[in-house]
Amino acid sequence: EAGVTQSPRYAVLQEGQAVSFWCDPISGHDTLYWYQQPRDQGPQLLVYFRDEAVIDNSQLPSDRFSAVRPKGTNSTLKIQSAKQGDTATYLCASSFTGGDYEQYFGPGTRLTVL
Amino acid sequence: GEQVEQRPPHLSVREGDSAFITCTYTDPNSYYFFWYKQEPGASLQLLMKVFSSTEINEGQGFTVLLNKKDKRLSLNLTAAHPGDSAAYFCAVSEDSGTYQRFGTGTKLQVVP
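Chains as they are written, first to last, in the working numbering: chain A, 6 to 119; chain B, 359 to 470.
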């Protein structure tokens, strides 16, 4: 069974540029999470979906970040006008509600904003 | 808001010694608990998941303790070896379909 896949694996931007991250969850998983992990810190939730619906985006900086999951499968996280403070690894995870209550994490996208 | 505090932030032990990491959480609705290992540049590797009803869980080379009364979750790596050197994170969630709230992490170094 394929795991959670993410692309790109690395991104380097100048401040003010835009970037998109893509996540393909495990097939059949209805819940998809995006976490931000700054260097030497624990992951922090940005947003999560159940199918195509946003369940919680309260930690997503809405002025510059957006996330969609239009068909309830793949998801895209976008940063408009990146700032140096956005430098972090962006982790995608997926799970199946009512399953083994485990989240399966992708390899992450490491973003550096210069 | 609800928080998960993890101690110590850095830990250095000699090969063969034990390494003890503790998390305290504030959310009384926490029901699922997790420990992850993260090697440099890698994603999170699940070490163990526990239900709220289980107090002691043993894995390969480690023990997880849950004290729900004190809202404390601990990881004890017994007889640590250099391959255990990594960052360790605890995480808690209210149920299987909600997000996990992570601790601040512990960087463990096992010295030969």
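These are calculated hints, taken from the structure and not from any lab test. Mixed in with the good hints there might be a few duds.
[Claimed, not checked] Mimicking DSS-like on lysine-lysine, the simulated pairs with C-alpha atoms at most 30 Å apart in a straight line are:
1) Lys407(B) x Lys426(B)
2) Lys395(B) x Lys426(B)
3) Lys83(A) x Lys427(B)
4) Lys426(B) x Lys88(A)
5) Lys427(B) x Lys407(B)
6) Lys427(B) x Lys88(A)
7) Lys429(B) x Lys407(B)
As the structure is a prediction and not an experimental result, all values here were calculated from the model.
Consistency of the hints with the structure:
1. Lys407(B) x Lys426(B): With Cα atoms ~15 Å apart, Lys407(B) and Lys426(B) stay inside 30 Å; holds.
2. Lys395(B) x Lys426(B): Cα-Cα ~22 Å, so holds.
3. Lys83(A) x Lys427(B): Since the Cα atoms of Lys83(A) and Lys427(B) sit roughly 41 Å apart, the hinted pair is violated (cutoff 30 Å).
4. Lys426(B) x Lys88(A): 40 Å, violated
5. Lys427(B) x Lys407(B): 19 Å, holds
6. Lys427(B) x Lys88(A): 42 Å, violated
7. Lys429(B) x Lys407(B): 16 Å, holds
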